[in-house]
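J.: Take a look at the letters that make up each chain.
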Amino acid sequence: MPAAAAIKVMVVDDQTSMRAMIRRALQDLGFKDVRDKSGASEALSAIKTDRVHLVISDFNMPEMDGLQFLEAVRNDPVIGKTVFIMLTGSADKEIVQKAAALGVNNYVVKPFSPAALKEKIERVFGELT
Amino acid sequence: MRRMAIVQGENAIVVEPDVVITTLLGSCVAACLYDPVAKVGGMNHFLLGEPSADHRVSAGDMQRYGIHAMELLINGMMKKGAMRTRLRAHIYGGANIVSGLGSIGSSNAAFAHRFMQTEGIEVAHSDVGGTSARKIEFLPQEGRSRCTKVADRVPDRPPVPVALPPVGGDLELF
Numbered sequence: 556m557p558a559a560a561a562i563k564v565m566v567v568d569d570q571t572s573m574r575a576m577i578r579r580a581l582q583d584l585g586f587k588d589v590r591d592k593s594g595a596s597e598a599l600s601a602i603k604t605d606r607v608h609l610v611i612s613d614f615n616m617p618e619m620d621g622l623q624f625l626e627a628v629r630n631d632p633v634i635g636k637t638v639f640i641m642l643t644g645s646a647d648k649e650i651v652q653k654a655a656a657l658g659v660n661n662y663v664v665k666p667f668s669p670a671a672l673k674e675k676i677e678r679v680f681g682e683l684t
Numbered sequence: 485m486r487r488m489a490i491v492q493g494e495n496a497i498v499v500e501p502d503v504v505i506t507t508l509l510g511s512c513v514a515a516c517l518y519d520p521v522a523k524v525g526g527m528n529h530f531l532l533g534e535p536s537a538d539h540r541v542s543a544g545d546m547q548r549y550g551i552h553a554m555e556l557l558i559n560g561m562m563k564k565g566a567m568r569t570r571l572r573a574h575i576y577g578g579a580n581i582v583s584g585l586g587s588i589g590s591s592n593a594a595f596a597h598r599f600m601q602t603e604g605i606e607v608a609h610s611d612v613g614g615t616s617a618r619k620i621e622f623l624p625q626e627g628r629s630r631c632t633k634v635a636d637r638v639p640d641r642p643p644v645p646v647a648l649p650p651v652g653g654d655l656e657l658f
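As given, the protein sequences belong to chains X and Z, one line each in that order.
Heads up, the numbering used here is the position in the first sequence plus 555, with the first residue counted as 1.
Heads up, the numbering used here is the position in the second sequence plus 484, with the first residue counted as 1.
Honestly, the hints are just simulated from the structure, not real lab data.
Incorrect hints may have been included.
[Said to hold, decoys possible] With a cut-off of at most 20 Å between alpha-carbon atoms, the simulated SDA-like pairs for lysine to any residue come out as follows:
1. X/K563 - X/G681
2. Z/K563 - X/E649
3. X/K592 - X/A575
4. Z/K563 - X/S593
5. X/K673 - Z/G544
6. X/K603 - X/S645
Using the sequences and the hints, build the whole thing.
T.: Next comes the structure, spelled out in structure tokens:
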């Protein structure tokens with residue numbers, strides 16, 4: 556069984572098309588358990604109740620943004636060590652630096668290819684397939 | 485009335501009255517979005533791919549560039565007070581006028597419609613396809629637009645090849 560199949564993922568983006576595209580990319584990489592939410596607060600509650608190994612979250616979201624979400628995850632005693640990969644726009648260098656300071660595991664610049672996403676995940680988890 | 489002209493790859497977001505956003509479209513598509521409550525409107529102008537013999541853009545690539553172009557516009561509008569659930573759209577362009585480009589215009593238009601449907605954004609008006617170029621004028625505050633068919637051939641610059649995305653961006657933190 557490929558390593559990806561054992562990794563539970565939560566995808567968080569306020570844009571439905573983006574979530575659908577990431578889900579498809581992850582499924583093509585062999586991920587079997589992919590959940591998604593349109594908002595960070597919903598996602599936070601969901602992963603506290605049913606833990607995941609990997610969070611892939613957009614930065615730019617209304618209400619709770621990706622950095623606030625990351626901070627909330629890192630401050631939680633139970634899910635604090637969950638792997639967190641942030642999706643950012645190309646001009647968001649400052650955000651990447653802030654995310655790094657908050658303990659993000661990696662980041663992907665939009666628009667990204669499935670190969671770029673795979674590479675970033677593999678830098679954290681090792682070979683997926 | 486102030487006029488703001490945009491070209492392929494750009495978008496404009498307006499919250500002030502008496503501004504008209506304009507663009508000229510061939511096979512490209514422009515999405516005019518507005519929030520009638522917040523009085524925020526914006527337009528983008530994108531081409532999803534250039535299917536030349538040696539640099540064919542896959543359907544997947546086209547989709548992710550389109551989604552990105554739409555996200556930039558929507559996020560920009562939300563920063564100025566628009567709400568995603570209130571957005572309405574006008575869609576223009578997607579003509580098949582450049583010989584050798586096949587049905588790229590139709591693909592662009594189909595993408596734009598599919599995107600709005602997926603995101604639950606009502607398309608209040610649409611004029612796509614055909615073989616004529618279009619001149620679009622959009623009054624973002626009022627959510628009104630006008631489309632004029634242009635008799636001349638393609639107003640677009642030759643299609644710009646879609647650049648491959650950076651694998652990791654400029655920052656090497658990881």
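J.: Indicate, hint by hint, whether the structure satisfies it.
T.: Now the hints, each set against the structure:
1. As the CA atoms of X/K563 and X/G681 are separated by approximately 15 Å, the hinted pair is consistent with the 20 Å bound.
2. At roughly 18 Å between alpha-carbon atoms, Z/K563 and X/E649 fall within 20 Å of each other, so this suggested pair holds.
3. For the hint pairing X/K592 with X/A575, the CA-to-CA distance comes to about 11 Å; that is within 20 Å, so the pair holds.
4. The straight-line distance between the Cα atoms of Z/K563 and X/S593 is roughly 17 Å, inside the 20 Å bound, and the hint therefore holds.
5. The hinted pair formed by X/K673 and Z/G544 meets the criterion: a straight-line CA distance of about 15 Å does not exceed 20 Å.
6. Taking the CA atoms of X/K603 and X/S645, the gap is near 30 Å; set against the 20 Å cutoff, the hint is violated.
Checked against the numbered hints listed earlier, the structure breaks hint 6 alone; every other hint is satisfied.
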